[in-house]
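Novice: Each chain, written out:
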Amino acid sequence: MADETQLATTPGPVTDLPPLLDPTASLRRQVRRNALTLATLGVALLMWLVFIVAAPEVFLSTRIYTAFATTTPLFAMVALALTLVVITREMDLSFGSVMALSMVGFVKVYGWTGSVVLAVLACLLVGALCGLLNGFLVAILNIPSLVITLGTLFLFRGIEMVLISGRPTVLRDPEFDWLRSLLTGKVGDIPNQVLWTIAMAIVLWIVLNRTRFGAHIFLVGDNPTSAQLMGVRVARVRIATFVILAVVAAFTGMMSAMYIGTFFPTLAEGTGALLNPIASVFIGGTSVFGGMGSIVGTFIGAFVVGAINAGVVSAGMDGFYTELFFGLVIVLSLVLQTLITRWMRR
Amino acid sequence: MTEPQTEPTGPTDAPPPASDAAPPTDLPPTDDAAPPVIELRNVSKTFGEVRALSGVNFHVNRGEIVGLLGDNGSGKSTIVKMLMGYHHPDPGGEVWFDGQRVRDWSVPRARSLGIETVYQERALAELQPVWRNMFMGRERRNWLGLLDVAGMRREAAALMLGHMGFTSSAVHPDNMVQTMSGGEKQGIAITRALYFHARLVLLDEPTMGLSLSETAKTLDFVRSIKEAGRSAVFIDHNIFHVYPVVDRLVILDRGRIAGEFARSEISMDDLMERLYLVARTGKLTE
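Here the protein sequences come in this chain order: G and V.
Counting from 1, position 34 in the first sequence corresponds to residue 34 in our numbering; the numbering is continuous, with no gaps.
One rule links them: number in our numbering = place in the second sequence (from 1) + 1000.
Check each hint, because a few of them may be wrong.
Unchecked claim - Pair by pair, the computed Cβ-Cβ distance ranges are:
#, chain 1, residue 1, chain 2, residue 2, range
1, V, P1091, G, G231, 27 to 37 Å
2, V, G1151, G, G188, 31 to 41 Å
3, G, T211, V, N1057, 37 to 47 Å
4, V, E1094, G, V162, 57 to 67 Å
5, V, R1140, G, L146, 29 to 39 Å
6, G, G114, V, S1112, 50 to 60 Å
7, V, Y1086, G, V335, 38 to 48 Å
8, G, R28, V, D1269, 49 to 59 Å
9, V, G1151, G, R342, 26 to 36 Å
10, G, T262, V, S1112, 50 to 60 Å
11, V, R1051, G, R28, 55 to 65 Å
12, V, P1091, G, V288, 47 to 57 Å
13, G, I260, V, P1108, 45 to 55 Å
What the hints assert, rightly or not - Over 12 Å on every C-beta distance to chain G, these chain V residues come out as not near it, computed from the model:
#, residue
14, D1104
15, Y1243
16, S1264
17, L1271
18, R1280
If you are wondering where the hints come from, they were derived from the structure by calculation, not from laboratory data.
For every residue, glycine included, the Cβ atom is placed at its ideal position computed from N, Cα and C.
With these hints in hand, go ahead and build the complete structure from the sequences.
Specialist: Structure, rendered in structure tokens:
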């Protein structure tokens, strides 16, 4: 402890690389640090192999991958944003209703103004307001998020149904063409949805891992009391994650409606819409107990879920097998997650 | 009061390290002229019907470690929370920092003046690596406004080696805090406070629930506060932990200060006897 005073009082750059950063140990450490993500990747590859063995003619052609690449992004993007919420030790069940209610904003504002740009902005604004309400109820009134977002799931859906009288709206005006091709067109053979998902994953990875806000997301989920005492604005961080999720939900709602060409008031209603993103987050290794999670994991997790959805049917198996596979993968992932976390803590 | 002191200015305001065996002195060259780092003047605190503190005068000098002793309900934790900015004194009481009266006393104000608290537990985010904890709430950013992760890791490694005395390659800034011992965790909390120029570290029962060797390690870290020229208040029930590391002892009883001693004036046995006496009679002498 010879030079501790100097160290303790000089927060300047340290020039000597300490022997703690020994490169031989760093590979093991990298593996350990990313063990959960690696395990998810392992599960994904294993499942892919199972599908290839089960139906090689389907899984060695590109057609299945194109089909899969257009549907998976719709919940993958929500899953990516949901990851931030789950890391803060919260949950949001209302995102499906937010997707639909935001689209009412889109349809109404387009009806009033005839402007697609304003409609897009209105859609994202409605999303943001829904997220703000969720965040307020959770972070300021301290209502458990699992319960209150179950409430807002019905509330937002109810408002939506009343406002639009339960009727579908066709979105095939030529004015929408640029938006449709922007959201759901193709670059070469790759659907834009995939590119949007990759872009969103990159942006959210940077937000989570390379910004002060992202650092605070981890701290809030891990130890909100000490985070608060160290100057982290805990409530604000929580509200922000809910708002980000809701805006992303609004965006994917728009993408989904543009892809189909019609806004059905039942957009993202039902268990599938709810379960796919949540399963993706947990398969991706994000902890239910907060403080731990990864965007890369969720990204892979979403493709695992997407592969189950597309793969089981394409492999010629009965649709009932989807649930079996879902169950197997979720249970296997959570068991792995528990074992690996235990190992990481050793 | 003497001329008001300026705000903490960083590395230059730290005097050279003093040996922990040295008698309690103020730090040169300011010595007697320097006002206390913090001072509570005639502070009372009432919660409804309960008077937790009455007419308390308490101060901590620069480079001094003050032990705050007292039984349950003596007002220790009220004083700590007052120093943290969590409580405001009742009308008539005053808080002074560096010779200047602070009227808008609050947690953010106390933090901005360099008051840091180290708790017995829950001070760290256990699932996060050491470097994230070290820079908790004060993350360093690069010119792009993004986190300087490499810089924070490197700095945390240097602090672990230099200040915390880790040598083994098993300890690494990427290690989860959960994998560390209780003493090491307190080490991180104290090192963090010193690194960010804490002027006054409040140690709120930092050895609670720790094993013998972990306690010894924690007490070493407490000594390092003094060596770095900073001040501390050490609050504990256990005088065996407090006595060896402090310069001065303040004994609280039922919301008022029953007495205070320089450590050099009183032996551990004498102190024990007086503490029993205070608990029974409210007085330090018969």
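Novice: To test your reading of the hints: which numbers does this structure violate?
Specialist: The structure conflicts with no hint, since it agrees with every one listed earlier.
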